[in-house]
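**Q** Starting from the given sequences, assemble the full structure and let the hints guide the process.
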Amino acid sequence: MTTRSFRCVIASVVLAMAAQASFAQTPQTVQLQNLTWTELRDQIQAGKTTVIIPIGGTEQSGPYIAVGKHNVRAEYLADRIAQKLGNALVAPVVAYVPEGGYAPTTSHMRFPGTITIPDDVFEKLLESAANSFAVHGFRNIVFLGDHGGYQKDLKQVVAHLNKAWAGTNARAILPAAYYETSSDGYAQMLRQHGIRDDEIGTHAGLADTSLQLAVAPQMVRQSQLRNAPKPSAADGVYGGDPRRSTAELGQMGVDAIVSRTVDAIRQATAAH
Numbered sequence: 182m183t184t185r186s187f188r189c190v191i192a193s194v195v196l197a198m199a200a201q202a203s204f205a206q207t208p209q210t211v212q213l214q215n216l217t218w219t220e221l222r223d224q225i226q227a228g229k230t231t232v233i234i235p236i237g238g239t240e241q242s243g244p245y246i247a248v249g250k251h252n253v254r255a256e257y258l259a260d261r262i263a264q265k266l267g268n269a270l271v272a273p274v275v276a277y278v279p280e281g282g283y284a285p286t287t288s289h290m291r292f293p294g295t296i297t298i299p300d301d302v303f304e305k306l307l308e309s310a311a312n313s314f315a316v317h318g319f320r321n322i323v324f325l326g327d328h329g330g331y332q333k334d335l336k337q338v339v340a341h342l343n344k345a346w347a348g349t350n351a352r353a354i355l356p357a358a359y360y361e362t363s364s365d366g367y368a369q370m371l372r373q374h375g376i377r378d379d380e381i382g383t384h385a386g387l388a389d390t391s392l393q394l395a396v397a398p399q400m401v402r403q404s405q406l407r408n409a410p411k412p413s414a415a416d417g418v419y420g421g422d423p424r425r426s427t428a429e430l431g432q433m434g435v436d437a438i439v440s441r442t443v444d445a446i447r448q449a450t451a452a453h
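Note that the numbering used here has the sequence shown beginning at 182, numbered continuously upward.
What the hints contain is simulated information worked out from the structure, not anything from laboratory work. Wrong hints could be hidden among the right ones.
[Unchecked claim] Using 27 Å as the maximum straight-line C-alpha spacing, the simulated DSSO-like pairs for lysine-lysine come out as follows: (1) 333 x 305; (2) 265 x 336; (3) 305 x 336.
**A** Structure (C-alpha cells):
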C-alpha cells in the first residue's frame with residue numbers, strides 16, 4: 182500500500198467514526214425543541230415530514246388539578262402519537278388560547294391562573310407556526326387541540342391554510358378522532374365500566390381527573406380530593422364528581438386517544 186493510499190484509508194475511517202459519533206450524539210426524541218436545526222434538517226430529509234402542534238391552554242380545572250393540565254396532557258399525548266407514527270415530530274405546545282373575556286371576566290377567566298387571548302390572535306399564531314413548518318419542508322401539519330373551547334378556531338385555521346396551500350406539498354390536518362375520543366368517546370368507555378354521568382362531568386370531573394392521573398399524577402391534589410365534599414360549578418367543576426378518579430381509568434382513555442388518533446393521521450396522510 183502506498184503512502185497516499187494509506188492516508189486515504191485513514192481519512193475514510195476518521196470520517197466514518199466522526200459520522201457515527203455525530204449520530205450517537207443526536208438525542209432519541211420526537212420533541213422538535215430538543216433538536217438542533219441541522220438535526221431537524223437531516224430528519225426532514227430522511228422522511229420525518231409530519232409535525233404535530235399540540236394545543237393546550239392554561240385554565241382552572243377545579244380545586245384539585247393544576248392549571249397547566251391541558252398543556253402537559255397535550256404534549257404527552259402528542260409525544261406518544263408521534264412515536265407510534267414513526268415519521269413525525271412534535272412542536273412546542275401552545276399554552277395561550279382563548280379562555281373567555283377579562284373585562285368583564287367570563288368563563289374560566291373568573292378563576293385565578295387562567296390566561297386568555299383573543300380568537301383572532303390565537304388563529305394567527307397557529308397559522309404563523311404552520312407556515313413556518315411548511316417553509317422548512319414539513320408536508321403534514323397536524324393540529325391536536327386538547328380543549329373544547331377553541332375547536333371552531335382550529336377548523337377555521339385548517340380551512341384557511343389548505344386554501345392558501347392549494348397546489349403545494351403542504352397540508353393542514355385536524356384529526357377529529359383526537360378530541361372526539363378524549364370527550365364523548367372516553368365518556369362512553371367510562372359508562373361501560375359503571376361510571377355514572379354525574380361523575381364523568383364535562384370539565385374537571387372524573388373523566389378529566391382520571392386522564393390527568395394517568396398522564397401527570399403530580400398535578401392532581403389527591404389527598405385533598407379524596408377527603409373533599411362533592412365539588413360544584415362554584416369550584417370550577419362542571420357536571421361531575423372527580424372523587425372516584427383513578428389512573429387505571431385514565432390509562433384506558435389515554436390508550437384509546439393515542440391509537441385512534443394515530444389511525445386517523447395515517448389515513449389522512451395516506452390520501453395526501
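**Q** Does each hint fit the structure? Answer for all of them.
**A** To see whether the hints hold, each was checked on the structure:
1. 333 x 305: Judged against 27 Å, a Cα distance of about 14 Å means the pair holds.
2. 265 x 336: holds, 25 Å
3. 305 x 336: Answer holds: residue 305 to residue 336 is near 13 Å, not above 27 Å.
The structure meets every hint from the earlier list without exception.
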